[in-house]
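**Q** One-letter residues, chain by chain:
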Amino acid sequence: MAELKSQLATYLAHRLPHAEELEVTAIDRIFGGASRETYRFALSYRTGGETVSRRLILRRDPPGSLIETERAVEFEAYRAFFGTAVPVPEPLWLEEETHWLDYPFFIMQELHGFESSPQLIIAPPYAEHANKLAQQKWTILGEISKADPAALGLDRVMQPVAPERCWQRELAHWEKSLNEDELCPQPVLRAAIRWLRRHPPPPAQKISVVHADYRTGNFLYDTAGHIHAILDWEMAHLGDPLEDLAWGLNPVWCWAHDGRVGGLVGRDEAIRIWERASGLHADPAALRWWEVFSSVKGQAIWVSSAKEFTAGKNQDIILALSAWLMHNSQDRAMLAELGHLS
Amino acid sequence: MKPDIDRFLEVATVHLMTQIAPALGTGYEQSNVNIMAMMLMAVREEFDRAAARRVEENRALRHLFGDAAPAVRDTELRQRLETAAQDEDTSFTVSDLERSNGVLRGLLIELHAHVEELDSPAARRIEADIWRELVASTERRRLMMGPF
Chain A
1 MAELKSQLAT
11 YLAHRLPHAE
21 ELEVTAIDRI
31 FGGASRETYR
41 FALSYRTGGE
51 TVSRRLILRR
61 DPPGSLIETE
71 RAVEFEAYRA
81 FFGTAVPVPE
91 PLWLEEETHW
101 LDYPFFIMQE
111 LHGFESSPQL
121 IIAPPYAEHA
131 NKLAQQKWTI
141 LGEISKADPA
151 ALGLDRVMQP
161 VAPERCWQRE
171 LAHWEKSLNE
181 DELCPQPVLR
191 AAIRWLRRHP
201 PPPAQKISVV
211 HADYRTGNFL
221 YDTAGHIHAI
231 LDWEMAHLGD
241 PLEDLAWGLN
251 PVWCWAHDGR
261 VGGLVGRDEA
271 IRIWERASGL
281 HADPAALRWW
291 EVFSSVKGQA
301 IWVSSAKEFT
311 AGKNQDIILA
321 LSAWLMHNSQ
331 DRAMLAELGH
341 LS
Chain B
343 MKPDIDRFLE
353 VATVHLMTQI
363 APALGTGYEQ
373 SNVNIMAMML
383 MAVREEFDRA
393 AARRVEENRA
403 LRHLFGDAAP
413 AVRDTELRQR
423 LETAAQDEDT
433 SFTVSDLERS
443 NGVLRGLLIE
453 LHAHVEELDS
463 PAARRIEADI
473 WRELVASTER
483 RRLMMGPF
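Just so you know, the sequences run in chain order A and B.
Using the numbering used here, the first residue of the first sequence is number 1, and each one after it goes up by one.
Using the numbering used here, the first residue of the second sequence is number 343, and each one after it goes up by one.
Warning: the hint list may mix true and false statements.
[As the list claims (entries may be wrong)] Calculated Cβ distances over 12 Å to all of chain B for the following chain A residues:
#: 1; residue: Thr38
#: 2; residue: Tyr103
#: 3; residue: Pro118
#: 4; residue: Asp155
#: 5; residue: Gln168
#: 6; residue: Leu171
#: 7; residue: Leu220
#: 8; residue: Asp316
#: 9; residue: Leu335
#: 10; residue: Gly339
[What the hints assert, rightly or not] Below are the SDA-like pairs computed for lysine to any residue, each with C-alpha atoms no more than 25 Å apart in a straight line:
#: 11; chain 1: A; residue 1: Lys132; chain 2: A; residue 2: Pro203
#: 12; chain 1: A; residue 1: Lys5; chain 2: B; residue 2: Asn374
#: 13; chain 1: A; residue 1: Lys206; chain 2: A; residue 2: Pro163
#: 14; chain 1: A; residue 1: Lys313; chain 2: A; residue 2: Glu3
#: 15; chain 1: A; residue 1: Lys206; chain 2: A; residue 2: Asp283
#: 16; chain 1: A; residue 1: Lys313; chain 2: B; residue 2: Asn374
#: 17; chain 1: A; residue 1: Lys313; chain 2: B; residue 2: Gly444
#: 18; chain 1: A; residue 1: Lys313; chain 2: B; residue 2: Ile451
#: 19; chain 1: A; residue 1: Lys5; chain 2: B; residue 2: Gly369
#: 20; chain 1: A; residue 1: Lys146; chain 2: A; residue 2: Lys313
#: 21; chain 1: A; residue 1: Lys176; chain 2: B; residue 2: Gly367
#: 22; chain 1: A; residue 1: Lys176; chain 2: B; residue 2: Gly444
#: 23; chain 1: A; residue 1: Lys146; chain 2: A; residue 2: Ala127
#: 24; chain 1: A; residue 1: Lys313; chain 2: B; residue 2: Ala384
#: 25; chain 1: A; residue 1: Lys313; chain 2: B; residue 2: Val375
#: 26; chain 1: A; residue 1: Lys5; chain 2: B; residue 2: Gly448
#: 27; chain 1: A; residue 1: Lys146; chain 2: A; residue 2: Pro203
#: 28; chain 1: A; residue 1: Lys176; chain 2: B; residue 2: Tyr370
#: 29; chain 1: A; residue 1: Lys176; chain 2: B; residue 2: Gly448
The hints are simulated quantities; they were obtained by calculation from the structure and are not laboratory data.
Quick caveat: nothing in here was measured; it's all calculated off a predicted structure.
Glycine included, C-beta positions come from ideal geometry on N, C-alpha and C.
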């Protein structure tokens with residue numbers, strides 16, 4: 001950690017050439033986040049006779065990543081939504097050169113003192129604010145779905161896609177990932193992929209920014225039931241807005257085991273809030289396709305986490321936990337979405 | 343082995359969660375130890391049933407293949423199903439059972455894709471049997487800490 005602290009101080013001195021007495025302190029790795037190593041740290045320096053102190057987050061590429069993602073896309077998503085109705089931390093610096101910290105990284109503002117755990121949100125003191133949190137959670141997703149990617153400048157960094165091609169692109173992407181990383185045969189998953197190809201959804205009603213990991217666990221909330229930031233945009237892309245809605249509705253995020261999606265409200269209420277906020281319609285047949293797809297994508301991620309850990313490319317314990325904890329539940333979610341498990 | 347393995351894992355889990363993790367303060371290392379303790383709980387759950395669930399599933403799949411083979415139109419696939427149906431596990435180490443389970447589940451994928459393309463009452467019956475077996479396979483693998 002001492003080496004990283006020193007490297008960070010050197011980099012920040014380069015980025016802040018007028019800063020004096022620049023110091024990096026309290027650097028600490030944050031658990032979770034299998035696609036990037038995440039650290040919090042404090043930065044202080046003097047400039048113009050004043051002392052500046054900031055708490056910051058470093059997101060650095062690991063040697064092996066659970067999800068192969070473009071850090072520039074993640075950084076630009078934060079930049080695009082900062083200061084809008086979609087709360088995000090302020091992104092500060094993106095660095096793709098590897099000589100500073102050995103791997104590419106970016107730095108953003110730390111929002112301190114909030115919680116993100118999907119298990120804690122279903123317990124006191126947060127549980128009493130479930131409805132309030134749900135209203136914000138699904139309204140914010142509606143804002144993301146409603147937003148114009150071109151007006152946000154995201155069409156410059158995210159691959160374009162035609163409305164009728166959204167489903168094919170996403171399915172092909174995750175099927176390829178599965179084919180590359182599968183360690184043992186996956187009969188439920190393969191059956192679900194065949195079903196998806198036999199029952200294509202209608203074209204997307206609009207091309208939206210898709211967060212692609214929008215769920216309880218990826219936003220910061222407080223004890224008064226306020227959401228302060230949407231995090232983890234590493235898989236963000238352009239696509240069908242129903243992809244995000246379906247992902248958030250997936251049964252594997254029902255940690256309270258009571259049918260409330262993301263531990264907050266029932267599925268119908270979540271859809272209603274999203275429709276009202278986005279001005280879009282969740283066509284049941286189309287949404288069903290995207291829900292089955294969300295389980296295929298989830299399973300592809302858990303399969304990759306098992307592969308990464310087994311191969312020794314990245315032996316962060318979160319990869320083994322993800323694979324063990326989620327794989328069978330994701331198969332059961334797929335069976336339920338396909339109508340074979342009640 | 344005495345003490346029994348499940349008892350050791352139980353004690354080790356409690357020790358990690360109540361003694362080791364708190365001594366590390368908060369942060370990345372403590373979270374890692376807590377997760378390892380959780381995973382020991384899963385190992386404890388899986389250890390006792392590891393061979394039994396694989397033996398049960400391999401038998402169920404071989405039985406399903408024997409029932410399905412006469413309706414399969416692809417000659418080569420039918421022969422492989424018949425051969426698999428007559429096979430049996432002779433080694434009961436978990437690694438050997440896992441290996442044969444992988445072969446059988448690979449064959450199940452082929453059978454499932456094949457019967458989906460057939461238009462006959464027999465094909466629909468086999469398909470229903472496959473879905474029942476897939477549901478059963480997830481019951482065998484359920485972990486207490488799994489979310490669904």
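**Q** Please flag the earlier hints that this structure goes against, numbers listed from lowest up.
**A** 1, 3, 8, 9, 10, 11, 18, 20, 21, 23, 26 and 28
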